[in-house]
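With these hints in hand, go ahead and build the complete structure from the sequences.
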Amino acid sequence: MATISVNNIARAIYESTNEKSGVELEVILKNTVKLLSEKHALGKSKEILNKLQKLIDKNEEVVRAKISSKAEIKKGVVSEIEHFIKKRYKVKNAILEFETDDKFLGGIKIEVGDEIIDMTLKSKINRLKNYLVTN
Amino acid sequence: MTKNHIVENLRKQIEKWKDDVKAEKVGHVIEVFDGIAKISGLSDIKASEMVSFPNGEAGVTLNLEEDSIGVIILGDFTKIREGDEVKSTGKILSVPVGNAQIGRVLNALGEPIDGKGAIKTEKNSPIEKVAPGVITRLSVSQAVQTGIKAIDALIPIGRGQRELIIGDRQTGKTAIAIDTILNQKGQDMICVYVSIGQKDSKLRKLQTRLEEGGAMDYTIIVSAGSSESAALSYIAPYTGVTIAENFMDQGKDVLIIYDDLSKHAVAYREISLLLRRPPGREAFPGDVFYLHSKLLERACRRNKEYGGGSITALPIVETQSGDVTAYIPTNVISITDGQMFLETDLFYKGIRPAVNVGLSVSRVGSAAQIKAMKKVSGTLKLDLAQFRELEAFSQFGSDLDESTKNQLERGKRAVEVLKQPQYAPMATEDQVVVLYALTKGFMDDIAIDKIKTFEEGLIEYTRRNAKTFYKEVTTEKMWTDAGEAELVKVMGDFKQSFTK
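So the protein lines, in turn, are chains A and B. For the first sequence, the working numbering assigns the number 2 to the initial residue and increments by one for each residue that follows. For the second sequence, the working numbering assigns the number 991 to the initial residue and increments by one for each residue that follows.
Simulated from the structure, these hints should not be mistaken for laboratory data. We put the beta carbon where it would ideally sit given N, CA and C, even for glycine. You may find that some hints are simply not true.
Said to hold, decoys possible - Okay, derived cross-link-like pairs now, SDA-like style, lysine to any residue, Cα gap no bigger than 20 Å in a straight line: (1) A:K67 <-> B:G1031; (2) B:K993 <-> A:L133; (3) A:K125 <-> B:D1009; (4) A:K59 <-> B:S1030; (5) A:K130 <-> B:D1009; (6) B:K1077 <-> A:S124; (7) A:K67 <-> B:A1013; (8) B:K1012 <-> A:Y132; (9) A:K110 <-> B:K993.
As the list claims (entries may be wrong) - Residues from chain B shown here face chain A by an in silico Cβ test under 7 Å; the list is partial: (10) Q1003; (11) W1007; (12) D1009; (13) E1014; (14) K1015; (15) V1016; (16) G1017; (17) G1031; (18) E1056; (19) G1060.
Claimed, not checked - Computed Cβ-Cβ distance ranges for the label pairs, DEER-style: (20) B:D1010 <-> A:D58: 27 to 33 Å; (21) A:D102 <-> B:G1276: 46 to 52 Å; (22) A:K88 <-> B:D1010: 17 to 23 Å; (23) B:I996 <-> A:K87: 42 to 48 Å; (24) B:D1010 <-> A:S38: 47 to 53 Å.
This is the structure we're talking about:
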């Protein structure tokens, strides 16, 4: 029997629940859980939910970004970052998650999916080092 | 340089620097084992794109799957840990190429390993390329002189040809390749020797031998040793041919030797199995034919409009107890334009090079033979085949008629003449003289154990006395009646003094 990938399960759940509500949605969800348990796929529920979240985000034009910096970022800068992300990824909504890290020398780092925009001081120094070594 | 100078210089450099922040695609190592890494993320990555690991190691993508990618690690994988950040480089795996590489020993990534310092090269070239198309090609018509009588006479190789050297271990496969390289001195040929999974001691010996023979002036060695990872063995031949293509693009003729492709296939099998690709016959993956065909198709001869130049490939394949019907031997036999088959039995009988003339063929090489050589070697192959048959028969009885006896005697002498020691390549003109003497019966009444001394003396004597013949064969590639008459007379004279 061919194994069903996590991606396929997530897509199936998304498509069957899309634009459904109330009792209908409840029945579908119950059946889904039953099916997953029968197929011994409940162990993968975390991955499935992750995929499902990504699918929903993609369809609703939302991106999630993680922003790390040494100290908390000022409000004005936050809205600037939000505007930048919306423009860059051409989405309606950006959900930002902030994180502070003492190890940072300065600057910020934006992570969206598997893309990283590294504007920290440390990486800048690294780039300068590479430049000086190669020239 | 004073301290102030250094500071000043540094400041200037820093002032020139412009920082550009780029969005980078990153992935994370999910698992790493046996030179393979599975990586999540990196959604836009291309096939055979290079990725870089935090400690500076490079990797190449081979498997692009739904949620992860499979990467082979080129170098030390022991320092890579789960969760490490992996960056894509946007570059397809490429190696540096340049004329400065001549005379050097390189690893599979094109970096020097001979301790003679860095190599200045101007450009990088991707190692995976599509072979030249039909309209850019020219058929084979110019010879590669190996200097080995048995090969130049019976299984000639032309520039742009792919001729397989196949045989069991210890039958002299590498020896033929090395002799061929040594004989390219002054023949306007650049040689690339790709060593795949060989012992470093063997490589060192070979390098010394080439240096002694002055062959490193036109030779490049690319090596992926047996202690290095399978990934490097896998890319080494592609690196070699990419380096060779750089010279072909300049209109030069290149000879490339892959020693050997069975180890290359084994390295690829290892990688494929680790990447969980389905195994097929002998556990090789399904695309092992393509692995070698895409490599050997890159050997070709280009026509003038496309810059000329050629790559002649001599792949080597090792068989197990003479079994040519195994998977890799049959594959490579069908890809190449012929093969020379070396046999253990012949080797121990003292027939060296141990070429089995019956099983060896060259499908396109005869077009590249010079006319004089064609003339003297034309019937030799048939004669030898008949000799082998008669030899088998004659063991049953002693009553043989005169013509059969003569044929047997001639055959024995032919076998003797085709023997040749290692590192003693022979010029084409000399080969023509010796084979002429053989086919015209000048050796028929010479004792078999004296054939070698006769041959040596004959070459020396005719070189001195049959100058017209030599000149004609060298410049016109064929003798005239006058030249032939001179040769016959000189040979007669020599034989008289020899038998006295």
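Results of checking the hints against the structure:
no.: 1; hint: A:K67 <-> B:G1031; verdict: holds (15 Å)
no.: 2; hint: B:K993 <-> A:L133; verdict: holds (17 Å)
no.: 3; hint: A:K125 <-> B:D1009; verdict: holds (7 Å)
no.: 4; hint: A:K59 <-> B:S1030; verdict: holds (19 Å)
no.: 5; hint: A:K130 <-> B:D1009; verdict: holds (11 Å)
no.: 6; hint: B:K1077 <-> A:S124; verdict: holds (14 Å)
no.: 7; hint: A:K67 <-> B:A1013; verdict: holds (14 Å)
no.: 8; hint: B:K1012 <-> A:Y132; verdict: holds (15 Å)
no.: 9; hint: A:K110 <-> B:K993; verdict: violated (37 Å)
no.: 10; hint: Q1003; verdict: holds (6 Å)
no.: 11; hint: W1007; verdict: holds (5 Å)
no.: 12; hint: D1009; verdict: holds (6 Å)
no.: 13; hint: E1014; verdict: holds (5 Å)
no.: 14; hint: K1015; verdict: holds (6 Å)
no.: 15; hint: V1016; verdict: holds (5 Å)
no.: 16; hint: G1017; verdict: holds (6 Å)
no.: 17; hint: G1031; verdict: holds (3 Å)
no.: 18; hint: E1056; verdict: holds (6 Å)
no.: 19; hint: G1060; verdict: violated (16 Å)
no.: 20; hint: B:D1010 <-> A:D58: 27 to 33 Å; verdict: holds (29 Å)
no.: 21; hint: A:D102 <-> B:G1276: 46 to 52 Å; verdict: holds (48 Å)
no.: 22; hint: A:K88 <-> B:D1010: 17 to 23 Å; verdict: holds (19 Å)
no.: 23; hint: B:I996 <-> A:K87: 42 to 48 Å; verdict: holds (47 Å)
no.: 24; hint: B:D1010 <-> A:S38: 47 to 53 Å; verdict: holds (52 Å)
In terms of the numbered hints stated before, the structure departs from hints 9, 19, listed from lowest to highest.
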